[in-house]
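Asker: Given next are the chains, with one letter for each unit.
There are 2 protein chains.
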Amino acid sequence: MTREIPALVFDAYGTLFDVHSVTRLAESLFPGKGAAISAAWRTKQLEYTWLRTIMGSYEDFARVTRSALEWTLESLAVDAGEDAHRALLEEYRRLAPFPEVPAMLERLAGGRALAILSNGHPEMLDAVVDHAGLRPHFRGGVLSVHPARRFKPDPAVYRIAEEALGVPRALMGFVSSNGWDAAGAKAFGFRAFWVNRSGASVERLGVRPDAIVKDLGELESLLA
Amino acid sequence: MTREIPALVFDAYGTLFDVHSVTRLAESLFPGKGAAISAAWRTKQLEYTWLRTIMGSYEDFARVTRSALEWTLESLAVDAGEDAHRALLEEYRRLAPFPEVPAMLERLAGGRALAILSNGHPEMLDAVVDHAGLRPHFRGGVLSVHPARRFKPDPAVYRIAEEALGVPRALMGFVSSNGWDAAGAKAFGFRAFWVNRSGASVERLGVRPDAIVKDLGELESLLA
Chain A
462 MTREIPALVF
472 DAYGTLFDVH
482 SVTRLAESLF
492 PGKGAAISAA
502 WRTKQLEYTW
512 LRTIMGSYED
522 FARVTRSALE
532 WTLESLAVDA
542 GEDAHRALLE
552 EYRRLAPFPE
562 VPAMLERLAG
572 GRALAILSNG
582 HPEMLDAVVD
592 HAGLRPHFRG
602 GVLSVHPARR
612 FKPDPAVYRI
622 AEEALGVPRA
632 LMGFVSSNGW
642 DAAGAKAFGF
652 RAFWVNRSGA
662 SVERLGVRPD
672 AIVKDLGELE
682 SLLA
Chain B
462 MTREIPALVF
472 DAYGTLFDVH
482 SVTRLAESLF
492 PGKGAAISAA
502 WRTKQLEYTW
512 LRTIMGSYED
522 FARVTRSALE
532 WTLESLAVDA
542 GEDAHRALLE
552 EYRRLAPFPE
562 VPAMLERLAG
572 GRALAILSNG
582 HPEMLDAVVD
592 HAGLRPHFRG
602 GVLSVHPARR
612 FKPDPAVYRI
622 AEEALGVPRA
632 LMGFVSSNGW
642 DAAGAKAFGF
652 RAFWVNRSGA
662 SVERLGVRPD
672 AIVKDLGELE
682 SLLA
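Quick note, the sequences are listed as chains A and B, same order.
First residue of the first sequence? That's 462 in this note's numbering, and the numbers climb one at a time after it.
First residue of the second sequence? That's 462 in this note's numbering, and the numbers climb one at a time after it.
There's no promise every hint is true.
You can't tell identical chains apart in this list, so a pair holds if it fits in one copy or across any two.
[Claimed, not checked] Derived SDA-like pairs (lysine to any residue); straight-line CA-CA distance at most 25 Å:
| # | residue 1 | residue 2 |
| --- | --- | --- |
| 1 | Lys675 | Glu531 |
| 2 | Lys675 | Ala501 |
| 3 | Lys675 | Ser528 |
| 4 | Lys494 | Thr504 |
| 5 | Lys494 | Ser659 |
| 6 | Lys675 | Ala538 |
| 7 | Lys494 | Ala661 |
| 8 | Lys675 | Arg610 |
| 9 | Lys494 | Val663 |
Worth flagging that the hints you see were computed from the coordinates, not collected in a lab.
For reference, chain A alone in the conformation it holds in the complex (with noise of 0.2 Å):
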């Protein structure tokens, strides 16, 4: 299956990096509540990313983050005051890979280009790819959204990746842990492959990703 695919694009927020792990300042800002905020805010970010694409109305990543952090500060009624939203944001170019990601990338960039197609904006990545010390592996490049003025799952988006790699898009392969990204890939043509961190069931959206696997570790296995 590997010399099928010269060229891997990897989804950033919740496939490489763990959105998640913001939980653990959240907590320590606001006892009792980190997990609620960590994930409301995640999927208010997803939310604005769908409506404003949809509206015709871009607003970059930075900014939709900060947006549903707002939303999610208000709506759960924790009074937090400019330091904690800084904070909180700041954390966001700080995110920790998932355990198995540096290792796992340093395998799959075996005679493979390798690269990131991510809806942040363009500043807020490189600063998160560096803090993990990623970079080196992305020869194909650290892709931003942002050019498009739209978000995933856009067609346009997907071809910023085909189109900065110059592979054919049915032979790319697109990994994300997010199902919506990879069956918005697949629509587009690439071969998706959907790391299914914690067990979800399958997006209902009309196709079906290539293959399914559980973290990055079982997807360097299929493709060895």
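Assemble the complex: chain A is given as a structure, and chain B must be docked to it using the hints.
Answerer: For chain B alone, coordinates are given in the frame of chain A:
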């Protein structure tokens, strides 16, 4: 304010009809899980409308609703047979209107064209409106997004109401309990009235509704 608004367009699900009125049937079929089924079903239903609109892979709301139910029951590890599926879906054609709705529509219709603009497939939408006996109030029409093959908050959807009623968008009142739908209508150029039944926080989507009311009674007072 009445004279300024010759036409009022209502969202259906969540605004006129209580989508969580399925909870009772879900609870009787699957004791202890009714509320969880109802909540997850609605969340996933909306998610699929947004994702399919962005992906450009529309399927009608009856199918989306069925897909969301399948995902929900599998996710909650509910072993439901074909009969239970059918009964729950059938319930969507008999959703209860919120208590104040019939009397307030009667009053709001005085000297003003009322219409519905809904994500619902025309057939299921007609069924729920007729079941509640509300059709006589809507001389402006019971309109579905279906001809646009996109869901809210796509601007093409709000245009359906503008064109059907022949009222300039700035004079059209749009009423929704879904904060993101009110935002989409406002971004399109309608006068947006958000019926905030649950005391939710205002969505951070770059626009604010023109007014926030707690139910249709308060809307009627505002426009009287």
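Asker: Tell me the numbers of any earlier hints that the structure contravenes, in ascending order.
Answerer: When the structure is compared with the hints, only number 8 turns out to be violated.
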